Amino acid sequence: MNLQDNQNASTRSFLNPFTSEFRPFALVQLILIPLLFTGVLYRAQNSPEWFGSFHLDLLFLYVTPLLLLAHTYYRTDSGLWIHVAQASLLILLTFILLRQHNLYIPGDGRTLHVVLVFLLYAVYPFIGYDFVAFLRSRAVYVAAYVLMLGVFFFHVNSMAAGSTKASFVVYMALLFGVNVFFIPRYVSRNVFFWGLSLVAGFFVVIGLPVYVIGSYDLWWFQPQLFEATATIPLLGTEFHYLQSVLDNPNILAVLTFSGAFAALVLAVENVFQRRFLLVSLASVLFFLNGLATYLTHARASWLALALATVVYAGYVLFGRRSVPFTVVPLALASAVLLLTILFAVGPIDAHGRAPLWMAGLRAIKNAPSALGYGVVNTHAVIEPFVTDPHFRGYSPHNSYVQIFLQVGIVGGMAYLVIVLGSIVEGIVRWNSVDVPMLGFALAFAVHQTFAVYTMFNNAVASILAMLVFGYLICGYER
Numbered sequence: 001m002n003l004q005d006n007q008n009a010s011t012r013s014f015l016n017p018f019t020s021e022f023r024p025f026a027l028v029q030l031i032l033i034p035l036l037f038t039g040v041l042y043r044a045q046n047s048p049e050w051f052g053s054f055h056l057d058l059l060f061l062y063v064t065p066l067l068l069l070a071h072t073y074y075r076t077d078s079g080l081w082i083h084v085a086q087a088s089l090l091i092l093l094t095f096i097l098l099r100q101h102n103l104y105i106p107g108d109g110r111t112l113h114v115v116l117v118f119l120l121y122a123v124y125p126f127i128g129y130d131f132v133a134f135l136r137s138r139a140v141y142v143a144a145y146v147l148m149l150g151v152f153f154f155h156v157n158s159m160a161a162g163s164t165k166a167s168f169v170v171y172m173a174l175l176f177g178v179n180v181f182f183i184p185r186y187v188s189r190n191v192f193f194w195g196l197s198l199v200a201g202f203f204v205v206i207g208l209p210v211y212v213i214g215s216y217d218l219w220w221f222q223p224q225l226f227e228a229t230a231t232i233p234l235l236g237t238e239f240h241y242l243q244s245v246l247d248n249p250n251i252l253a254v255l256t257f258s259g260a261f262a263a264l265v266l267a268v269e270n271v272f273q274r275r276f277l278l279v280s281l282a283s284v285l286f287f288l289n290g291l292a293t294y295l296t297h298a299r300a301s302w303l304a305l306a307l308a309t310v311v312y313a314g315y316v317l318f319g320r321r322s323v324p325f326t327v328v329p330l331a332l333a334s335a336v337l338l339l340t341i342l343f344a345v346g347p348i349d350a351h352g353r354a355p356l357w358m359a360g361l362r363a364i365k366n367a368p369s370a371l372g373y374g375v376v377n378t379h380a381v382i383e384p385f386v387t388d389p390h391f392r393g394y395s396p397h398n399s400y401v402q403i404f405l406q407v408g409i410v411g412g413m414a415y416l417v418i419v420l421g422s423i424v425e426g427i428v429r430w431n432s433v434d435v436p437m438l439g440f441a442l443a444f445a446v447h448q449t450f451a452v453y454t455m456f457n458n459a460v461a462s463i464l465a466m467l468v469f470g471y472l473i474c475g476y477e478r
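Going by UniProt numbering, the sequence shown opens with residue 1, and the numbers climb by one from there.
Misleading hints may appear alongside valid ones.
Unchecked claim - Across the chosen pairs, the derived CB separations fall in these ranges:
no., residue 1, residue 2, range
1, G393, L416, 22 to 30 Å
2, E227, A133, 52 to 60 Å
3, A160, K365, 26 to 34 Å
4, A160, Y73, 44 to 52 Å
5, F287, L59, 29 to 37 Å
6, Y216, D77, 48 to 56 Å
In case anyone wonders, no lab produced these hints; they're calculated from the structure. Just so it is clear, the structure is predicted and the values come from calculations on it, not from any experiment. Using N, Cα and C, we set each Cβ at its ideal position, and we do this for glycine too.
All chains, full assembly: derive it from the sequences and hints.
Next comes the structure, spelled out in structure tokens:
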């Protein structure tokens, strides 16, 4: 089939440096690759102690004007006011981050300060070209973002000056807004896919030699294997889980399954565009990342990769009309699987997730208000509701439970609008949705049910999920 009908705003952009319409200044978009690399390194073992959320925020904050400048370079309407507005907010946000770096939202006039920061965060990700048109077309998601942001900042107002929990909200909120609503509008989807597959491939390449030579040092990296083992089917050979330089195999798995799917899409699209050198590179990255995903033995990532691949395969083989017939059954099957785990009626060993999920639901029901418990230690919140003493002291191991505990029914429903609402819109608008991103989003939506990360965090999976849903939501822009 011809895949050209899928080249929507996020892929056919005249700023896409991986097309025959290459323009030099578009290379600014490639800065997303070191950003992704830095986001992963931040979660690596033995990462530099001096580097934290503050520095990660500054990197993302200062990339935004560069991306906007690159876009401006090729436009006839320069939009000077946009750059003045963004530069002004950039200065204010830099000052806010510097203040927060010292753990300081002042006690005096605290409410006014919190409201100011909230308003800046609510506006900044949307400063750009076609400002009004974008807000109109994406109004539901913008409203959901602002509402969830408002609940988080409501809790910040009641925190003590200098609270690290307040710092968490200030740092994570900026990452969330920029990654969901800004970067996907000014960086081609294919740049994101190449960056993702290359970054994942790098961590696989430095991790695989451990199977042969054992743990070793590479600068401050210390690639190693996880202590747990599994058996390769048919061969009957035991192997240790791969974790490379990250804290555990699950973190590596979400990176490699994402890199594998991104590489698969790139390989197929370049086959149809007859760019066989890129096909070879993408194929190697798909093999490396796919192998690593298997070696992590992270079953949630296996499932996520399978879901995304089935959606994309249906699209390649049968065209856009296949979208409702793949996404809907897969979503329903995933829901049934989750219910069997929740009520412990299936043969799948979920490692105690059922009692943790049930405890989380009881805790949500008993929350002090519809705005949740705030930025709290959620495994302490659910502990009184865990019936099995063996699992007390654990987190809920479910992103949706986690977010509902933090921001309650109000913020949780807003979160579902962004996650599930964007998928439903993609199904309804099957004739114009970016199908690979829809499959990718479905994969992350299901993956989040087995892990505690949310998109309001700076974990590796969180940053990737932000970008995936951002590209899905912003992919309709014309």
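**OP:** With 22 to 30 Å as the target window, see if G393 and L416 comply at their CB atoms.
**Re:** Hint holds: Cβ distance 28 Å, inside 22 to 30 Å.
Original post:
Can the suggested window of 26 to 34 Å be confirmed for the beta-carbon pair A160 and K365?
Top reply: 28 Å, holds
**OP:** May I ask you to test the hint 48 to 56 Å on the CB atoms belonging to Y216 and D77?
**Re:** Check passed, 54 Å falls within 48 to 56 Å.
Original post:
Is 29 to 37 Å a correct range for the gap between the Cβ atoms of F287 and L59?
Top reply: Given range 29 to 37 Å: holds, Cβ gap about 31 Å.
Original post:
Does the Cβ pair E227, A133 satisfy 52 to 60 Å?
Top reply: 53 Å, holds
Original post:
Does the hinted range 44 to 52 Å hold for A160 and Y73 at CB?
Top reply: 46 Å Cβ-Cβ, so the 44 to 52 Å window holds.
When each numbered hint is compared with the structure, no violation occurs for any of them.
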